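First to last, the protein sequences are chains E, U and G.
Using our numbering, the letters of the first sequence correspond one by one to residues 1 to 344.
Using our numbering, the letters of the second sequence correspond one by one to residues 345 to 688.
Using our numbering, the letters of the third sequence correspond one by one to residues 689 to 1032.
Some hints here could point you the wrong way.
[As the list claims (entries may be wrong)] Here are the simulated EDC-like cross-link-like pairs (lysine to aspartate or glutamate), alpha carbons at most 16 Å apart as the crow flies:
1) G:LYS856 with E:GLU60
2) G:LYS1007 with E:ASP88
3) U:LYS512 with G:GLU748
4) U:LYS380 with U:GLU444
5) E:LYS319 with U:ASP432
6) E:LYS168 with U:GLU404
7) U:LYS663 with G:ASP776
If you're looking for bench data, these hints aren't it; they were derived computationally from the structure.
Since this is a predicted model, take the numbers as computed values, not measurements.
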Amino acid sequence: MYLKNCWYVACTPDEFAEKPLGRKICGENIVFYRGKGGEVAAVEDYCPHRGAPFSLGYIEDGLLVCGYHGLKMDSDGKPAAMPGQRTDRFPCIRSYPVVERYGFVWVWTGKADQADASSIPVLKWADSPDWGYGGGLYHIQCDYRLMIDNLMDLTHETYVHSTSIGQKEIDEAPVSTVVDGETVITSRHMDNVTAPPFWQMALRANDLADDVAVDRWQICRFTPPSHVLIEVGVAHAGRGGMNAAPQYRANSIVVDFITPETETSMWYFWGMARQFKPADVELTDSIREGQGRIFAEDLDMLECQQRNLLQYPERRLMKLNIDAGGVQSRRILDRLIKAENTIT
Amino acid sequence: MYLKNCWYVACTPDEFAEKPLGRKICGENIVFYRGKGGEVAAVEDYCPHRGAPFSLGYIEDGLLVCGYHGLKMDSDGKPAAMPGQRTDRFPCIRSYPVVERYGFVWVWTGKADQADASSIPVLKWADSPDWGYGGGLYHIQCDYRLMIDNLMDLTHETYVHSTSIGQKEIDEAPVSTVVDGETVITSRHMDNVTAPPFWQMALRANDLADDVAVDRWQICRFTPPSHVLIEVGVAHAGRGGMNAAPQYRANSIVVDFITPETETSMWYFWGMARQFKPADVELTDSIREGQGRIFAEDLDMLECQQRNLLQYPERRLMKLNIDAGGVQSRRILDRLIKAENTIT
Amino acid sequence: MYLKNCWYVACTPDEFAEKPLGRKICGENIVFYRGKGGEVAAVEDYCPHRGAPFSLGYIEDGLLVCGYHGLKMDSDGKPAAMPGQRTDRFPCIRSYPVVERYGFVWVWTGKADQADASSIPVLKWADSPDWGYGGGLYHIQCDYRLMIDNLMDLTHETYVHSTSIGQKEIDEAPVSTVVDGETVITSRHMDNVTAPPFWQMALRANDLADDVAVDRWQICRFTPPSHVLIEVGVAHAGRGGMNAAPQYRANSIVVDFITPETETSMWYFWGMARQFKPADVELTDSIREGQGRIFAEDLDMLECQQRNLLQYPERRLMKLNIDAGGVQSRRILDRLIKAENTIT
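With these hints in hand, go ahead and build the complete structure from the sequences.
Structure follows, in structure tokens:
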């Protein structure tokens, strides 16, 4: 149950800097590497000779070389050479449209001729000197949609992340969910509250007082297939909230690229883009470390939830107002998946 | 293949002293905790909101709080509260009759309206100042009935526990098996034998000579669903065996509560109740440690036996005279399970 | 998909020197031990009493004793004794023809009455003072036929073993594959090449110059069910290659006994028999250590290949000239397996 004709974040370039990277995405075994001229390439992780995975091989002159018997594969999935063999009638393997952008590798898992790089979401914060970014990757044993639900309902922060970003007011503040085409936006504003520990840290990092009341906001944006970008921040209370002048504000974008591996497992690319002290590498590391610790708190919950759902497949999940973000996101996904399957 | 309308030992109170305890029993995911007023409660380990396990949550004012989004559950399985929500029309979950008695938590896995605390077995040794008790818990990957077989045929001690409680005479002494209603009693008396190491220790702990001939006995009692209590002991030879005066005797009750987890796994609550030096905590610890080591010797055997049986499902087990205890116990179980399924 | 009416290498005698050895071979649980008079015996690893594995038991007077309740099993699969029981009408278990020869235990997994020890392959190098032998055992999660393919196409050495025995010329030299009855022979001769590191070591061990050009050869011989013996060596160039006088030559036989465990796992008995310095124990150890390290390089490749093949079961493997050895070997196997199944 995932969309195939779309771009997923597959990996980051550092993951295949040394050797080809094998990764299963949407049920497909794919190998990522840097081909001729240095561009990123992705083909099936399956040598047509004997089925060995290319990810155990290496790169030579931009060609992927099978580490078993030396077949050389071109990035279009056509065998290019093999010692002592003529490869022109060798069977081809599938190659995947792939784009390196914003520090990520984006892969198109559906029909190659429909791949259009312009449909990769525009990330204003990436490649901009005004923003700093740090992030990581978690491999989680759950349906990727459980993570969408998780991120589109931040009331869980009060419970799962009670010592860092959670606070009672998240539960209490009214939440609004709006569907705009294929985008779902869930917003929450908490005025005149105490900043929780993470945001006190961010205030200090912005050279702002951390012991005064703040206005806090969370604007979650889902876009298909499974991206959730969350504008979050605090401003000294009464200064205009999200629209406060920079000297009263600490804000950032929580970045969540959620890539299905199988029906019940996923790759979770998380990170934070911040609009303050963008070049401060130490701060980037410190935030990454903190966010990594916080986001790891979700793992056990999600994996246990998945096991529970598998044990009781006939039970329906509830759809409360706080769940509207996830419910609407799934509704869009269902519609797009259905369309994809009927057109095909 | 387990009885549901009955009491099983589920856990000991120390297991949920800090936080709720999730445990699968007879295929059901159950969470145990201390509710309002301190009484033990048990409900499905499944939050009706999004399927998260309550065992990852916490207790607040005697209510079980889901650690994902804060739904509060009452011990009767009715949602009690949730931030920003009216919960009166929320779906309920199953709650389980549960009784704290004799230092154990007993759970009724069948129809709640048939639960009758008076059918919990009477343990004369528990809560009595004349008896000392120590025990532990093992999680074993085998059908719980293989453990019943194990305990109702103690000839295995000669082989599995040859260095502690086993001795040749167990094999040689005649065994008698009697069925009394739903109870199966297998008895063995060995007169004028050498005490094996464990019993020499027990004699010494009773301030008795350990280097003289003894009369030894083993009276195994099975009662449904899966409890096996074994009266064991030695007395200086010729002093009346089981009926010898206390100054010639060291005796105890081996306690075995066997709780199915799934068809091929179980929770094994083992322990020893002794009628001597009941308040000697060091002795309790030493016996627990020794018994734990001895009973661990069965684990590998039972799990390997289970794997063998799964590989050859068509093969029948033999039913020798020594197996009569297990055979009769299974016969009672089969009859009760069949009755339970037809009446229902 | 394995032949049953044949001899497989099951284990080496040291593996059951201390206690019975349980090992699954061709899907059958078998226990190996030394019976009466010291001869090797093999029966099902399944006590007919309660299904416990005999491999958790022990040997007494040449009888296999079940470690659960003491049933004593004879090597013909007939229960011999049990404390307090008459065993003459106990069910029997299967016993397996077994032969100890050449330092290995050979087991016949098919119909016992067809077992003929004379069909065990003759190993001229075993039990001979002119040859030294060292080897080991790997447990690999792949179809045993993937290992046959591996060994009948040594071009993989160039890639998998590039730092030890691989060299470019293996890929470049013409290969010849000949089928002779049920034997497949794949030969490759590389003349006037540089010796790779392993063979430089072997030359030095033969007191030969290691920095001169050599002629190198590899003669792989497959015989059913799954033995691959490979004559390998180097000689100083122009001295006659394989037929060079001993003072110009370093040669050995790579020994590969491949025993299926299940459809997707196998026991790999590897070793090297050398015709030089046969009594040099240190050299034996050093070669074993080196070969073990080299052959371990295949494990990951084979297990990943197996997973890929399981994921894409409909895909056909290619059959190039370099694959002819494996292809012909599988063809013989297919024919023999088909014959075995139709006759039966």
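These are the hints, each one checked on the structure:
no., hint, in the structure
1, G:LYS856 with E:GLU60, "15 Å, holds"
2, G:LYS1007 with E:ASP88, "15 Å, holds"
3, U:LYS512 with G:GLU748, "15 Å, holds"
4, U:LYS380 with U:GLU444, "14 Å, holds"
5, E:LYS319 with U:ASP432, "15 Å, holds"
6, E:LYS168 with U:GLU404, "15 Å, holds"
7, U:LYS663 with G:ASP776, "15 Å, holds"
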